[in-house]
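Enquirer: Quick note, the sequences are listed as chains A and B, same order. Numbering follows this note's numbering, with no gaps: position 45 of the first sequence is 1169. Numbering follows this note's numbering, with no gaps: position 78 of the second sequence is 80.
It should be emphasised that the hints constitute simulated quantities derived from the structure, not laboratory data. Just so it is clear, CB atoms sit at the ideal spot from N, CA and C, and this is done for glycine as well. Please note: incorrect hints may appear among the correct ones.
Unchecked claim - Over the 12 Å line for every Cβ pair with chain B, so calculated as not near, a few chain A residues:
{"hint": "1", "residue": "L1135"}
{"hint": "2", "residue": "T1139"}
{"hint": "3", "residue": "V1176"}
{"hint": "4", "residue": "S1218"}
{"hint": "5", "residue": "G1229"}
Stated by the list, open to error - Derived list of chain A stretches under chain B, where covered just means 3 residues or more per stretch with a C-beta under 8 Å from a C-beta of chain B:
{"hint": "6", "segment": "1164-1175"}
{"hint": "7", "segment": "1204-1216"}
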Amino acid sequence: EAQVTQNPRYLITVTGKKLTVTCSQNMNHEYMSWYRQDPGLGLRQIYYSMNVEVTDKGDVPEGYKVSRKEKRNFPLILESPSPNQTSLYFCASSFGQNTGELFFGEGSRLTVL
Amino acid sequence: GIQVEQSPPDLILQEGANSTLRCNFSDSVNNLQWFHQNPWGQLINLFYIPSGTKQNGRLSATTVATERYSLLYISSSQTTDSGVYFCAVRTGSYKLIFGSGTRLLVRP
């Protein structure tokens, strides 16, 4: 089954404790992206990747890192999480860079205390 | 940048009723998608529809790219249709830009 898989789905952590949210897709997609969703602010792009070893900042990259060492994986790293990073996070992928249907993971709800 | 506007912002229906949701966008787009975000927060792909008309069961969508709008039709609504419906467009900037959504509540 074609899908985008995120882990963990739910996480409660404390300020400053490094964490990684993994994202994996099995559709051989070139393009992958991370979004966060906050009440009243909608979905905002954090980082995106057009292919292996090619990443770029989205609208709200501060406090986040990403890497794309393999085509299928695009982890989101919070080196020193802060409470303002409490949010619902989505990973997404598509075949093309600016065309093609975008598929979303099920979301990861992160709480930073 | 491109603006994406959805209407109405909120909609309450009685089960069995039909509805039309609208998405207007301010510039040419490479693609357009409709999503349903269910009460558990999951984003469900409904349609990938840069132009033309598609149908999937009780749902159908039409995009008129030259006039910069798209419509999502829900017929014979069910309580499970409740949630938020998003329209999202992609331009040449690799980014998917979301509208603010239509919050739908279907009452039994």
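Enquirer: All hints are to be evaluated individually against the structure, with a verdict given for each.
Expert: So, going through the hints one by one against the coordinates:
no., hint, result
1, L1135, "14 Å, holds"
2, T1139, "24 Å, holds"
3, V1176, "16 Å, holds"
4, S1218, "9 Å, violated"
5, G1229, "8 Å, violated"
6, 1164-1175, "holds (count 5)"
7, 1204-1216, "holds (count 3)"
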